[in-house]
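Following the hints, complete the assembly by docking chain B onto the known chain A.
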Amino acid sequence: MVRMTTTAALELVQLTKMYGGVTAVDAINLRIPAGSYCCLLGPSGCGKTSTLRMVAGHESVTSGDILVGPKNVTDLPPADRSTAMMFQSYALFPHLSVIDNVGFALKMKGVAKAVRHAEARKLLELVDMQPYAARLPGQLSGGQQQRVALARALITSPQILLLDEPLSALDPFLRLRMRAELKKLQRELGLTFIHVTHGQDEAMALADIVVLMNGGRIEQQGSPRDIFNHPRTEFTAKFIGGHNVIAVGGETFAVRVDRLMLKRPSEAVAGPSVAGTISEVEYQGTYVRVVIAIEGGPEISAQVTETEFDAANYAVGERVLATWDPAQASLLKSTSSAIVRSPEKAA
Amino acid sequence: MTQDRKTFVAWLQAAPMMLVFALFFLLPLLFVTIVSAWDYNEYEMIPAFSLRGYTDTFEGCIADLPNLCTILKTYLNTLKLCLLTWGLTLLIGFTVAYFLAFHVRSKTWQIVLTLLCTIPFWTSNVIRMIAWIPLLGRNGLVNRGLEGAGLIKQPLEWLLFSEFSVVLALVHLFTFFMVVPIFNSMIRIDKRLIEAAYDAGASGWQTLVNVIIPLTKPGIVIGSIFVITIVMGDFVTIGVMGGQQIASAGKIIESRLNALQFPAAAANAVILLGVTILIISALTRIVDIRKEL
Numbered sequence: 001m002v003r004m005t006t007t008a009a010l011e012l013v014q015l016t017k018m019y020g021g022v023t024a025v026d027a028i029n030l031r032i033p034a035g036s037y038c039c040l041l042g043p044s045g046c047g048k049t050s051t052l053r054m055v056a057g058h059e060s061v062t063s064g065d066i067l068v069g070p071k072n073v074t075d076l077p078p079a080d081r082s083t084a085m086m087f088q089s090y091a092l093f094p095h096l097s098v099i100d101n102v103g104f105a106l107k108m109k110g111v112a113k114a115v116r117h118a119e120a121r122k123l124l125e126l127v128d129m130q131p132y133a134a135r136l137p138g139q140l141s142g143g144q145q146q147r148v149a150l151a152r153a154l155i156t157s158p159q160i161l162l163l164d165e166p167l168s169a170l171d172p173f174l175r176l177r178m179r180a181e182l183k184k185l186q187r188e189l190g191l192t193f194i195h196v197t198h199g200q201d202e203a204m205a206l207a208d209i210v211v212l213m214n215g216g217r218i219e220q221q222g223s224p225r226d227i228f229n230h231p232r233t234e235f236t237a238k239f240i241g242g243h244n245v246i247a248v249g250g251e252t253f254a255v256r257v258d259r260l261m262l263k264r265p266s267e268a269v270a271g272p273s274v275a276g277t278i279s280e281v282e283y284q285g286t287y288v289r290v291v292i293a294i295e296g297g298p299e300i301s302a303q304v305t306e307t308e309f310d311a312a313n314y315a316v317g318e319r320v321l322a323t324w325d326p327a328q329a330s331l332l333k334s335t336s337s338a339i340v341r342s343p344e345k346a347a
Numbered sequence: 348m349t350q351d352r353k354t355f356v357a358w359l360q361a362a363p364m365m366l367v368f369a370l371f372f373l374l375p376l377l378f379v380t381i382v383s384a385w386d387y388n389e390y391e392m393i394p395a396f397s398l399r400g401y402t403d404t405f406e407g408c409i410a411d412l413p414n415l416c417t418i419l420k421t422y423l424n425t426l427k428l429c430l431l432t433w434g435l436t437l438l439i440g441f442t443v444a445y446f447l448a449f450h451v452r453s454k455t456w457q458i459v460l461t462l463l464c465t466i467p468f469w470t471s472n473v474i475r476m477i478a479w480i481p482l483l484g485r486n487g488l489v490n491r492g493l494e495g496a497g498l499i500k501q502p503l504e505w506l507l508f509s510e511f512s513v514v515l516a517l518v519h520l521f522t523f524f525m526v527v528p529i530f531n532s533m534i535r536i537d538k539r540l541i542e543a544a545y546d547a548g549a550s551g552w553q554t555l556v557n558v559i560i561p562l563t564k565p566g567i568v569i570g571s572i573f574v575i576t577i578v579m580g581d582f583v584t585i586g587v588m589g590g591q592q593i594a595s596a597g598k599i600i601e602s603r604l605n606a607l608q609f610p611a612a613a614a615n616a617v618i619l620l621g622v623t624i625l626i627i628s629a630l631t632r633i634v635d636i637r638k639e640l
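Protein chains in written order, with the numbering used here: chain A, 1 to 347; chain B, 348 to 640.
Pulled out of the complex, with its shape left as it was, chain A reads as follows (with noise of 0.2 Å):
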């Protein structure tokens, strides 16, 4: 079943949070299309946070603006918004019934219980947790918890959904489930979806715009596809994981661990280079990652195919050349010297 539903772009502007004299978001500007699935991505104390709380109406705006369609709603309070919000670990209230606490907004505007009830219904059953109605929150598992707190925070027909770190509380074989019945949902309502997350690949395989936030600012905002591969920064190359941060002559590049080829001093190298010797080699199954130690720095990663690495046969302690295709790096604003290796997540 799907209901109809309207939706509206987000646009942040100049949008200011201070903590008595900390800044944790730094005027920043977004504009987020409806109907698009949103990811703020970032490391903890990034602002991500802050800035969905600020959207959703649970803080208070120090500068900026927030509009939601061609609404301003920086003051208002957040059921006046259309926006609605689920939160970390949910907040189901625990004394009430799924069916209750899916029924709440309802029952705060003093809509008839019949009414309120059928209405919850509808959404349970979007959510696939009919049979469920009558059960308390600490009865159910915490992918059913987090269905019953969709279908609560969807009851008030909201144009934009605010979701907090909604997979953080589910083990990880759960996570992948819950993460692709959200992308579903959010396809099939066609609602605009802003997401807190820390985790890079939950971001890359949920977003159609991925938001990554550093020190209250935005480092980067893109398509997960661009971000990867065209990281501006050395935070968002270490952050979105999989890539090498190389220093040559002077300047940074990132490259993608599956994009640095290994050849032996002996080989005629075309492109740009780094010596150094094979410190470990991983067989992963689908690839052999091998570690380089570089002179003089720390190491980088290269993810060889089996059949390559099979040809090739590298043993720890041999020296090789790493390089690539000048083309497939990308060049970073960070004026940082160091040779730093990619976060061991990448993949």
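Hint data in this document are derived by calculation from the structure and do not stem from the laboratory.
Mixed in with the good hints, there may be bad ones.
[To be verified] Derived DSS-like pairs: lysine-lysine, alpha-carbon spacing no greater than 25 Å straight-line:
no., chain 1, residue 1, chain 2, residue 2
1, B, 564, B, 427
2, A, 183, A, 122
3, B, 538, A, 109
4, A, 109, A, 122
5, B, 564, B, 538
6, B, 564, A, 107
7, B, 538, A, 107
8, B, 454, B, 564
9, A, 184, A, 122
10, B, 353, B, 454
11, A, 113, B, 564
12, A, 71, A, 109
Below, chain B without anything else, positioned relative to chain A:
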């Protein structure tokens, strides 16, 4: 360790408490119940089965109908004092706990303010009661003040040695027993639930009624049990603040004891226990407090 041994150790660990409980609570209770069924005359009790303690207590209750006999009047009056005290301690206790839990943001201030509430407990109950007398008496501070302000011509008689002063003292003494369990329930409420209610468009009042009060129920019931059991059995406060003029369930027991009519006193104690248990079981019927413990 084998299962048997584990069970044995567990019982051993519980033994000291069980012993204290048995010696100082169950055993005396058993004695009281036994003595309540003994016979007595003007100066001694006679260890022979008799329900005289009970029949004397309810003497004339059926004959006097439709008028109420002394014991029923006394119990009704005690219940009235109990209900008034309960209502007021609940209202004040809930408000204080709400303030501490939701308006005081820092943990340190919460602790400081809670400790502040305990300061009256540094002095004895009786002193805290007696302290009201110079305030409420005929020539007390309140009457003098009101007279001075020209609000009254004659001192207010009902300020002291009245039901008013009894309820005032009881509320003063026992509100804290309401604050602590309610506060304890309130600080366990996930603050995100309040935000979730706000997000769903609930007003402050709606959040209070639909979220905070239901989740605070266990604390309310525990506080109510404290206050109700204390007030139902109280005779000191009612005696001192009521000028020894107000009858109460506890007062009956005291006067029977003073008259050395132990079986009658014991019978009254058993009746009071029964009434109190009835009230409490009705309360726990409403809320399952085991969740809280």
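Tested hints:
1. B:564 <-> B:427: holds, 23 Å
2. A:183 <-> A:122: holds, 20 Å
3. B:538 <-> A:109: holds, 22 Å
4. A:109 <-> A:122: Roughly 18 Å separates the two Cα atoms, so the pair holds.
5. B:564 <-> B:538: holds, 17 Å
6. B:564 <-> A:107: With Cα atoms ~21 Å apart, residue 564 of chain B and residue 107 of chain A stay inside 25 Å; holds.
7. B:538 <-> A:107: This hinted pair holds, its Cα atoms lying about 20 Å apart.
8. B:454 <-> B:564: It holds: about 23 Å lies between the C-alpha atoms, which stays within 25 Å.
9. A:184 <-> A:122: holds, 17 Å
10. B:353 <-> B:454: violated, 40 Å
11. A:113 <-> B:564: Measuring from Cα to Cα gives roughly 23 Å; hence the hint holds.
12. A:71 <-> A:109: holds, 22 Å
Of the numbered hints given earlier, the model fails hint 10 alone.
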